[in-house]
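There are 2 protein chains.
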Amino acid sequence: MKIHRLCIIGVGLMGGSIALAAKARGLCQEIVGVDRDGENLLQAVELGVIDDACVDAREGAEFADGIVIATPVGSVRPVFESLRPVWSDKAFYTDVGSTKSSVVKAAEAVFGEVPKNFVPAHPIAGRELSGVGAATVDLFLGKRVILTPLPVTQIRALEQVRRFWHSLGAKIHDMSVAHHDHVLAATSHLPHVIAYTLTHMLGRKDEKDEIFQYAAGGFKDFTRIASSDPSMWTDICLANQKEILAYLRQFEKELKAFGDTMEQGDWQAIFDFFAEAKAARQRFLDQHHQ
Amino acid sequence: MKIHRLCIIGVGLMGGSIALAAKARGLCQEIVGVDRDGENLLQAVELGVIDDACVDAREGAEFADGIVIATPVGSVRPVFESLRPVWSDKAFYTDVGSTKSSVVKAAEAVFGEVPKNFVPAHPIAGRELSGVGAATVDLFLGKRVILTPLPVTQIRALEQVRRFWHSLGAKIHDMSVAHHDHVLAATSHLPHVIAYTLTHMLGRKDEKDEIFQYAAGGFKDFTRIASSDPSMWTDICLANQKEILAYLRQFEKELKAFGDTMEQGDWQAIFDFFAEAKAARQRFLDQHHQ
Numbered sequence: 016m017k018i019h020r021l022c023i024i025g026v027g028l029m030g031g032s033i034a035l036a037a038k039a040r041g042l043c044q045e046i047v048g049v050d051r052d053g054e055n056l057l058q059a060v061e062l063g064v065i066d067d068a069c070v071d072a073r074e075g076a077e078f079a080d081g082i083v084i085a086t087p088v089g090s091v092r093p094v095f096e097s098l099r100p101v102w103s104d105k106a107f108y109t110d111v112g113s114t115k116s117s118v119v120k121a122a123e124a125v126f127g128e129v130p131k132n133f134v135p136a137h138p139i140a141g142r143e144l145s146g147v148g149a150a151t152v153d154l155f156l157g158k159r160v161i162l163t164p165l166p167v168t169q170i171r172a173l174e175q176v177r178r179f180w181h182s183l184g185a186k187i188h189d190m191s192v193a194h195h196d197h198v199l200a201a202t203s204h205l206p207h208v209i210a211y212t213l214t215h216m217l218g219r220k221d222e223k224d225e226i227f228q229y230a231a232g233g234f235k236d237f238t239r240i241a242s243s244d245p246s247m248w249t250d251i252c253l254a255n256q257k258e259i260l261a262y263l264r265q266f267e268k269e270l271k272a273f274g275d276t277m278e279q280g281d282w283q284a285i286f287d288f289f290a291e292a293k294a295a296r297q298r299f300l301d302q303h304h305q
Numbered sequence: 016m017k018i019h020r021l022c023i024i025g026v027g028l029m030g031g032s033i034a035l036a037a038k039a040r041g042l043c044q045e046i047v048g049v050d051r052d053g054e055n056l057l058q059a060v061e062l063g064v065i066d067d068a069c070v071d072a073r074e075g076a077e078f079a080d081g082i083v084i085a086t087p088v089g090s091v092r093p094v095f096e097s098l099r100p101v102w103s104d105k106a107f108y109t110d111v112g113s114t115k116s117s118v119v120k121a122a123e124a125v126f127g128e129v130p131k132n133f134v135p136a137h138p139i140a141g142r143e144l145s146g147v148g149a150a151t152v153d154l155f156l157g158k159r160v161i162l163t164p165l166p167v168t169q170i171r172a173l174e175q176v177r178r179f180w181h182s183l184g185a186k187i188h189d190m191s192v193a194h195h196d197h198v199l200a201a202t203s204h205l206p207h208v209i210a211y212t213l214t215h216m217l218g219r220k221d222e223k224d225e226i227f228q229y230a231a232g233g234f235k236d237f238t239r240i241a242s243s244d245p246s247m248w249t250d251i252c253l254a255n256q257k258e259i260l261a262y263l264r265q266f267e268k269e270l271k272a273f274g275d276t277m278e279q280g281d282w283q284a285i286f287d288f289f290a291e292a293k294a295a296r297q298r299f300l301d302q303h304h305q
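Residue numbers (our numbering), protein chains in the order written: chain H, 16 to 305; chain L, 16 to 305.
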């Protein structure tokens with residue numbers, strides 16, 4: 016595929032990585048980056064990540080034939096509002112939001128119904144770092160990108176967006192909006208909430224007892240996702256509140272049940288529980304390496 | 016220091032790594048390995064990790080001048096019982112148990128009081144793999160080893176054990192038995208219980224919805240410790256039951272409070288909570304890299 020002018024709105028980790036990969040693969044003639052953060056935008060130009068810079072989404076997107084909204088999910092609605100006057104039937108539109116029903120709702124609120132050439136997408140890729148300085152050319156290589164097309168979505172736009180993400184090195188999966196938010200609440204949103212909560216609790220304890228210096232590599236890996244961007248994750252909690260809460264409440268129950276089993280001293284049950292969990296993770300690893 | 020005959024009881028990940036590091040650093044003339052698992056023991060000989068093999072701890076330790084108990088904590092008491100008839104005042108004894116009060120209790124049960132030349136130790140190092148095949152020569156390099164000497168401990172034995180672990184490349188910290196178990200419950204035992212419980216819950220869900228295929232690298236890191244040895248971790252839960260349960264119950268409360276805040280939709284509070292957790296983890300990283 017050949018894009019004349021690719022517009023990336025939000026040139027952070029995701030947007031910057033899209034730009035780098037699109038350039039490396041010769042996907043487009045020029046890339047215009049839009050960002051509210053002038054310093055970040057300047058850095059994107061200096062790093063050569065984008066060719067042209069713009070603080071206004073409307074202006075940046077006006078003559079583009081491919082537009083990617085790569086802002087945090089909480090900013091998608093105002094972006095749609097900026098784009099509305101220059102929305103073009105000839106371009107394709109996609110995004111990178113970690114929650115999809117909130118993005119769909121934002122589109123419905125602004126446009127009445129979701130535009131036929133907007134295809135919601137979620138690349139299952141990331142790092143705990145943020146900003147254009149953290150962008151890498153291979154962020155999407157071999158990673159999954161979930162598309163959540165709607166009944167109103169135009170086949171042509173779907174195929175363009177599919178090809179776009181595929182060209183960046185990703186493997187494409189289609190899924191319904193609701194199923195996406197349900198699945199991601201389990202494998203991503205709940206683990207983030209747990210990691211933040213544990214790190215918060217132990218952080219207060221560390222101030223008193225200096226426990227962190229006796230933590231090992233396992234702890235470092237376990238809490239890595241608690242270094243993720245707080246504002247992005249507040250957005251996600253708001254956007255997928257119902258699904259996350261349902262899992263969180265279920266997890267509270269399972270944790271309490273585990274504690275009760277420990278209190279009763281049923282060590283055979285504890286062993287079986289650990290062995291089942293280890294086996295489940297092995298299934299995950301086996302799938303992951305396919 | 017020069018050890019004539021080093022006896023390692025339990026030649027798994029830890030025992031095997033001790034043997035490899037001791038050999039590489041020329042710490043001892045010969046290493047005898049003791050293991051109940053004949054196949055693992057044979058592998059240790061074939062890999063050249065140990066010089067001499069023995070299935071009986073008493074026989075293996077009899078003429079040794081340095082003895083390391085590197086079995087899971089649940090097997091420490093029977094090992095003490097085997098060693099009792101050949102316990103030598105001229106040798107030093109140490110262990111690698113992840114919980115220390117259970118080891119001290121086992122020693123008291125077998126010997127009346129903790130032998131003056133046994134210095135409990137806990138190397139804060141590990142991998143989620145087990146068995147001698149997972150042993151590495153640098154497992155302890157730059158890692159912390161916590162010693163929990165007792166009032167009855169002989170200064171000479173303490174210095175020998177300190178030099179022993181230091182010679183394997185570790186940084187030595189002294190701590191009381193109770194403080195050790197309190198700190199490790201927070202930074203190691205609780206995270207393991209949480210990771211096992213989450214993986215167990217999502218594993219059941221995966222059987223229905225195949226959610227694992229949409230999990231990202233963050234999930235892989237977060238659940239890594241749920242691939243740890245189930246029997247070792249059952250032992251640890253038993254050995255440090257009280258401390259782990261106290262933290263687990265506190266964590267349940269904090270998770271519930273987070274859920275309540277989400278339910279109320281207080282997004283500023285959620286943001287502050289995430290930002291504080293991220294800052295706490297940064298403090299951990301800063302300490303870790305010192």
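Hints were generated in silico from the structure; no laboratory data involved. It cannot be assumed that every hint is accurate.
Since the list gives no way to pick out one identical chain from another, each pair is judged satisfied if it fits inside one copy or across any two copies.
Stated by the list, open to error - Listed below are the simulated DSSO-like cross-link pairs for lysine-lysine, each with C-alpha atoms no more than 27 Å apart in a straight line:
id, residue 1, residue 2
1, K158, K220
2, K223, K268
3, K38, K271
4, K158, K268
5, K268, K120
Against the structure, the hints come out as follows:
For the homomeric pair K158 and K220, the shortest alpha-carbon distance between copies (22 Å) is at most 27 Å, but the shortest distance inside one copy (37 Å) is not. In the homo-oligomer, the alpha carbons of K223 and K268 lie at most 27 Å apart only across protomers (20 Å), although the nearest pairing inside one protomer, at 30 Å, exceeds that limit. Proximity of K38 and K271 under a CA criterion of 27 Å is satisfied in neither setting, with 51 Å inside one chain copy and 46 Å between copies. In this assembly of identical chains, K158 and K268 lie within 27 Å of each other by CA distance neither inside one copy nor across copies; the values are 33 Å within and 36 Å between.
In the homo-oligomer, the alpha carbons of K268 and K120 never lie at most 27 Å apart, since the shortest distance is 31 Å inside one protomer and 33 Å across protomers.
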